[in-house]
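Trainee: As a plain string of letters, each chain reads:
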Amino acid sequence: MEHIELFFKSIFIDNMVFATFLGMCSYLAVSKKVSTAVGLGAAVIFVLAVTVPLNWLLDQYILKEGALVWLGPEYAEYDLSFLSFILFIATIATMVQLVEIIVEKFSPSLYNSLGIFLPLIAVNCAILGGSLFMQSREIPSLALATTYGVGSGIGWFLAILAIAAIREKIRYSSIPAPLRGLGITFIVTGLMAIGFMSFGGMLTGGDEEAPKEKVVSSKKVENKEDLKAKELKKKELANNSKEIQE
Amino acid sequence: MSKRTDSNLYTVLFAAGMVLVVGALLAFFASALKPTINENKRIEKQQNILYAMGVNENDETSAIFVSKDKVADVFAKYITKQLVIQGSKVTEDAKAYLIDVKKEQTSAKEGNERRLPLFVGEKDGKTFYIAPIRGKGLWDAIWGYVAMDADMIVQGAYFDHKGETAGLGANIKQRFFMDDFIGEHLMKDGSFKGITISKSNNDPKNEDKTDNEVDAIAGATITGDGVSAMIKSELKKYVSFFNTLKTN
Amino acid sequence: MGLLSKKDAALITDPFADNNPITIQVLGICSALAITAELKASIVMAVSVLFVLGAGNVVISLMRNIIPSKIRIIVQLIVVATLVIIVDQVLKAFAYELSKTLGAFIGLIITNCIIMGRFEAFALANGPWRSFLDGIGNALGYGVILIIVGFFRELLGSGTLLGFKVLGDPIEKTGLYAFGYENNGFMLLAPMALIVVGIIIWIQRSRNVALIED
Numbered sequence: 001m002e003h004i005e006l007f008f009k010s011i012f013i014d015n016m017v018f019a020t021f022l023g024m025c026s027y028l029a030v031s032k033k034v035s036t037a038v039g040l041g042a043a044v045i046f047v048l049a050v051t052v053p054l055n056w057l058l059d060q061y062i063l064k065e066g067a068l069v070w071l072g073p074e075y076a077e078y079d080l081s082f083l084s085f086i087l088f089i090a091t092i093a094t095m096v097q098l099v100e101i102i103v104e105k106f107s108p109s110l111y112n113s114l115g116i117f118l119p120l121i122a123v124n125c126a127i128l129g130g131s132l133f134m135q136s137r138e139i140p141s142l143a144l145a146t147t148y149g150v151g152s153g154i155g156w157f158l159a160i161l162a163i164a165a166i167r168e169k170i171r172y173s174s175i176p177a178p179l180r181g182l183g184i185t186f187i188v189t190g191l192m193a194i195g196f197m198s199f200g201g202m203l204t205g206g207d208e209e210a211p212k213e214k215v216v217s218s219k220k221v222e223n224k225e226d227l228k229a230k231e232l233k234k235k236e237l238a239n240n241s242k243e244i245q246e
Numbered sequence: 001m002s003k004r005t006d007s008n009l010y011t012v013l014f015a016a017g018m019v020l021v022v023g024a025l026l027a028f029f030a031s032a033l034k035p036t037i038n039e040n041k042r043i044e045k046q047q048n049i050l051y052a053m054g055v056n057e058n059d060e061t062s063a064i065f066v067s068k069d070k071v072a073d074v075f076a077k078y079i080t081k082q083l084v085i086q087g088s089k090v091t092e093d094a095k096a097y098l099i100d101v102k103k104e105q106t107s108a109k110e111g112n113e114r115r116l117p118l119f120v121g122e123k124d125g126k127t128f129y130i131a132p133i134r135g136k137g138l139w140d141a142i143w144g145y146v147a148m149d150a151d152m153i154v155q156g157a158y159f160d161h162k163g164e165t166a167g168l169g170a171n172i173k174q175r176f177f178m179d180d181f182i183g184e185h186l187m188k189d190g191s192f193k194g195i196t197i198s199k200s201n202n203d204p205k206n207e208d209k210t211d212n213e214v215d216a217i218a219g220a221t222i223t224g225d226g227v228s229a230m231i232k233s234e235l236k237k238y239v240s241f242f243n244t245l246k247t248n
Numbered sequence: 001m002g003l004l005s006k007k008d009a010a011l012i013t014d015p016f017a018d019n020n021p022i023t024i025q026v027l028g029i030c031s032a033l034a035i036t037a038e039l040k041a042s043i044v045m046a047v048s049v050l051f052v053l054g055a056g057n058v059v060i061s062l063m064r065n066i067i068p069s070k071i072r073i074i075v076q077l078i079v080v081a082t083l084v085i086i087v088d089q090v091l092k093a094f095a096y097e098l099s100k101t102l103g104a105f106i107g108l109i110i111t112n113c114i115i116m117g118r119f120e121a122f123a124l125a126n127g128p129w130r131s132f133l134d135g136i137g138n139a140l141g142y143g144v145i146l147i148i149v150g151f152f153r154e155l156l157g158s159g160t161l162l163g164f165k166v167l168g169d170p171i172e173k174t175g176l177y178a179f180g181y182e183n184n185g186f187m188l189l190a191p192m193a194l195i196v197v198g199i200i201i202w203i204q205r206s207r208n209v210a211l212i213e214d
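If you read the sequences in order, they're chains U, X and R. So for the first sequence, the working numbering puts the first residue at 1; every next one is plus one. So for the second sequence, the working numbering puts the first residue at 1; every next one is plus one. So for the third sequence, the working numbering puts the first residue at 1; every next one is plus one.
Chain U on its own, in the form it takes in the complex:
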């Protein structure tokens, strides 16, 4: 039950892109086509699923204050948490390059479709963010850390898939020329984030609606409807593109 709750929470409520705005750079830069977005999204899921539990182990047995106690009671006072940034980053970069080398060696076809994204992932702040959140939210067990990693990855995957689908479609709309491409992507992402804010209600129980945000809430509803329409389109589109690829 704990796992299911954390899983859905990390996908929807604490969505990396829409709630905490992490991993925006690659999200915006690599979302022109659905197929590339899927590749990057899958790579992010994989890397998060590996690095979050790894960093959890590092945090538990090396970094935390008193974590070194397994070496002997005289080490109980050591607090290496100032090293957490650098060790987390080193783990991530090492994992990314290791995965790159392994995939290249054993599955060249997968490497061709996924490989070019791997270096991009090391600089994706969603990955480091995942590890740092795991640390600050004090996730209690290795299994939960894995769940959290996978969930966050899927959340990011969904986000980039959705925006890529919208961008493919939006290409055929008559948008003012200066807004085409990046500009409209920013604005659409903003609207999607507003839609995702409605999931936040799930966290607090939703019994406290804010009366002082009256102006806002009417806006929210519109956007949600927009988003629904977009999601529908997205689904169609995803199906279409699958057929085309096949």
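Listed next, the in silico EDC-like pairs over lysine to aspartate or glutamate satisfying Cα-Cα at most 20 Å (straight line):
#1 X:K34 <-> R:E97
#2 X:K45 <-> R:E97
#3 U:K64 <-> X:E104
#4 X:K162 <-> U:D79
#5 R:K100 <-> X:D160
#6 X:K77 <-> X:E44
#7 X:K205 <-> R:D169
#8 U:K33 <-> R:E213
#9 X:K193 <-> X:D211
#10 R:K100 <-> X:D69
These aren't lab readings, by the way, just hints derived from the structure by calculation. Predicted model only: the values in this text are computed from it and were never measured.
Let chain U serve as the given structure and place chains X and R on it in line with the hints.
Mentor: This is chains X and R only, laid out in the frame that chain U set:
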């Protein structure tokens, strides 16, 4: 440049050298600066505790602490007793303010009995009971000190955070938010209720002090919920102590 | 330009407009969204990035011939992280108040992809002086956008600038608020930062048609 630096041996040697250099550098800075950093943290704790009981140098709008060089004397003057509450046992400990609330919370999870520090301050003939609290905001830890009188009515509060969003959650350490707590009741009809950070109490000037609600910061829902939660769960642990105060 | 040749000067001026890191290169977005609800935080972040990017670019540029290409990403990340952590520790020891203001940004600075992006795209292939200029130029271009977004979000969202109530007091109903003006609390939320940046891109590209994507 891709001839010499591509060999495996070179890569491994480079990595090893890098680890050594960086590790040595960081360890050197960390251990050399640790005493100064800890001293700064200790001073800050004293400043925070004094701030909560209203000993500060606030001007019209901003929160200003007692200055660094005076704080030790001022702390000794105003804080008359430092208590450690463990179950029903209350002991005095002049170093109670150094108790790490985070560590206590973790060790309580492992089944140990929590040590709860409480500072007793005297100012203008009034007695203040100041308790540290700690919880989680949107991004990272949030913590604070709440000064109460014997009836658990808040006399002052100080909040701080590690990394809440600037301009939103980070505003919990602004005067307009902290000052709202002054006079607010923690009890309702004889039982502990805490204080909820509410968006819907229609009381932005916070004139109703007995509603157990304080006006929220717009756009900082999760941080606000974190503050409500830490007040509720942490201060509740002190209720039995305040009850013994009354019976004596 | 006695000190800088024309080519060098372009390294500083280009990122302001035609090659802006945020609006054109799409780098450093996360922090542009996270901390721009307040003008002060935007300025602090801009200055920190100026420092880290300037120094980091020089270090990477000096090391560019000895870094093994296989592990260059790790090396780059570690250089930034080390720089930032050391600065953080020194500030904590000698300027505690300042370090509290900056503390929240440390993680954002390390993961700021503008830093990695410039290491990878420029410092690995150029000398230290030019890398330094490139770092300063890009950090300034980044800072300008941050400050513009921070300005509008704080002004329209809380009615203040750098904490000063420039539009009057919303509770006492003075200044603009006496005429029924209300703060738009929505401006403070991160989605509005995205939309403000989108509008900046719109304005920029309608002034410089060459930047329009097809």
